[in-house]
Amino acid sequence: METQQLTLGSGLPADVMSGGSGPALLYLHNHLGRDWDGFLDALAQVYTVYAPRHPGSDEPDELSSLDGFADLALYYDDLLNALGVETAIVVGHSFGGMAAAEFAAHCPQRVEKLVLIDSLGLWLDETPIEDISGVPAPRVSTILSGSAALTEELLSQPEDPAAIPDFMVSRFLSQAAVSHFIWPIPDRDLRRRLYRITMPVLVIWGEDDQYVPPVYAAEFEAGLPDAQRAMIAGAGHMPHLEKTEVVIEAITRFLNG
Amino acid sequence: MKSIWFHLQGYRDLPADFEDRYESVWVTPPTDELCDPQKVHQYLNWNLDELDYAASLGFDGIGTNEHHQNGYGFPVSPNQTGYYLAKSTTDQAIVILGNTLPLYNPPIRVAEEIAYMDCLSNGRVVSGMPVGTPMDVTHCYGITPTEVRPRYFEAHDLIKQAWTADKEFHFNGKYTKLRHVNLWPKPIQKPHPPIWLAGGGSVETWDFAAQNNYLYSYLSFGGRLAAQSLMDGYWEVVDAHGLDRNPYRAGFAQIVCVGETDAEAEKLYLEHMRYFYKKSLHVARHYAAVAGYNTKASLQAAMKRGGAGNPFEAIDPGTITWSELVDKSKRVIGGSPATVVDHLKELAKDLNVGQLILLMHIGSMDHELTKYSTRLYAEEVLPHVRDIWKDQWEDHWWPSGAKQPQLEKAASAG
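Protein chains in written order, with our numbering: chain A, 62 to 318; chain B, 13 to 426.
This is chain A alone, in the form it adopts within the complex (with noise of 0.2 Å):
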């Protein structure tokens, strides 16, 4: 696994960490940052993936020239450029799978796959997402996964109290990146654009997701062309980190289908 500092064509930078060989396949993260964990070493087994840092998240002033969904998918349409990348398999997870579902949405060419992993994008009012930068603590803890093991995890602080400050700066940018574009509600159209998701999509979430609840996997399948939908017994929203093996046997198995 390594790192690469890329310009793009924009002039933007862009930040990738790439692992693994085979077929190209980008990973767009969640609200909590970057992190090479055990899924992308799954899927580094088979395929050669791409896992950028979502833009603004180290140095905000990027934000600037990505005011929604249509730069940051020129954004990744630069990116693969920059990498020599011509189509790839892009799989999303949260945040990260709405702006996979807005890249597959504008450059429907350069995606070969779709996966999304319990997505935000769609809006019902019936059925309202919370703002998880917005919410109590507690309240962040109980809906951020399925198991508490795994979110104390993702939240712990690093045990060097003198990286501390770092790290929560890091999450604080990494948050804000995310908000930059969603802000306050997580809806940016995306269904009217659903229709030019042409390409393969399988759907995966967690049955017992309390941040996007899993109605909006019916409601992604409804509106996508060509989908197809996993439902992930016992796991919350980290679907893909609850029930790591699960979930990459049914990314697998789409795939190869």
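Fair warning: there could be bad hints in the mix.
[Claimed, not checked] Taking lysine to any residue pairs in the SDA-like style, the calculated list, with each CA pair at most 20 Å apart, reads: (1) K415/B <-> L132/B; (2) K316/B <-> S231/A; (3) K186/B <-> D132/A; (4) K186/B <-> D169/B; (5) K51/B <-> K383/B; (6) K316/B <-> P219/A; (7) K415/B <-> I200/B; (8) K202/B <-> L132/B; (9) K340/B <-> E278/B; (10) K186/B <-> D128/A; (11) K308/B <-> L93/A; (12) K308/B <-> D76/A; (13) K340/B <-> E358/B; (14) K308/B <-> D227/A; (15) K316/B <-> E120/A; (16) K308/B <-> D122/A; (17) K342/B <-> I332/B; (18) K316/B <-> D221/A; (19) K357/B <-> L242/B; (20) K186/B <-> D122/A; (21) K316/B <-> V230/A; (22) K172/B <-> W196/B; (23) K290/B <-> E35/B; (24) K186/B <-> S71/A; (25) K316/B <-> R232/A; (26) K308/B <-> E123/A; (27) K290/B <-> A28/B; (28) K357/B <-> E406/B; (29) K316/B <-> A224/A; (30) K202/B <-> E406/B; (31) K308/B <-> S231/A; (32) K172/B <-> F183/B; (33) K308/B <-> P74/A; (34) K99/B <-> S412/B; (35) K198/B <-> A177/B; (36) K186/B <-> S125/A; (37) K316/B <-> F228/A; (38) K279/B <-> S335/B; (39) K186/B <-> A131/A; (40) K342/B <-> E276/B.
Rather than coming from a laboratory, the hints here were simulated on the basis of the structure. Since the structure is predicted, the reported quantities are computational estimates derived from the model, not experimental observations.
Using the hints, position chain B against chain A.
Relative to the frame of chain A, chain B by itself:
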């Protein structure tokens, strides 16, 4: 030192167990459970009467600010109060502190309304330009946190240009695009009404104030001891820009309550101070610390100081003593006129402040008690603090149309 009677315009009757039952006084306090429009009818009339009363007694300025969905203050649009005061008074500076610029779309509205008020008042308006709190701006009005400051600076540029341009112009901003900017009317004050910034200590605001030679006011409920390091920081930035330490380029908000004696002040005001610090500052952390609102530099500085912090965090005042508030923490300046004068002189000297923004209606204080404290201040405190700085410095941040109110009016009005 100028004495500005400033109204937070808060709710005076939150329930006794408010802070236990509700998560926050700001953003989400349920309006149908807590905010009775009939009571608000009474409060709003009292608020305006109290401001008029302060004007009649000779305070240098009167003012209010802007907050939304907030139990400790919901002036909503400060310009509405400002128009009333422009008409009802003749001498005072009308300190609008201020219009939260990122919330106006297009922000030319602020340029127009302040100009209108400046004409109505014959040049007595101070135009405060706060960035706004995360509660108001991001949670109540839905502005994307990362856009708050870019919107603020762009709005500022447009408004200032609208006031000062010598002919119609177009404005091609990122957030506002206008083909014809041609203000009707422009303000009476030239080149424009004094611009006061308001903040809680972010470095960017100090720099912006110094770069533009604006006044910076620290809107604190914490008193002078808690403010010392922040105000020192501001003055260091002023130094760094090669500007003078004219105290009139700084404002400071201070809770003040006056009694005949120290003992009477404690008896009259302690319960209202407890109400204020316990209920009015009961602001949920997850609203006060929103990611993206602070710049990276401010965030890094805050983390080094030991956490994101919450300037609105309630202290635990259920049992807090008068002595703790007045003597130890010095959050509150309260007591006999002599005590208040002494403390205000120390405040002026320690913080180097020339514009004193007086918070004299606090929390649950009723109308008569508010007037009582106000009258004692006007008659027995104001004459002793008005001349602080006067022979040493000129106030370049005061509206040109404001006149020095006559203090002898106090006797007849009292």
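Among all the numbered hints in the text so far, which are the ones the structure does not match?
As far as the earlier hints go, not one is violated by this structure.
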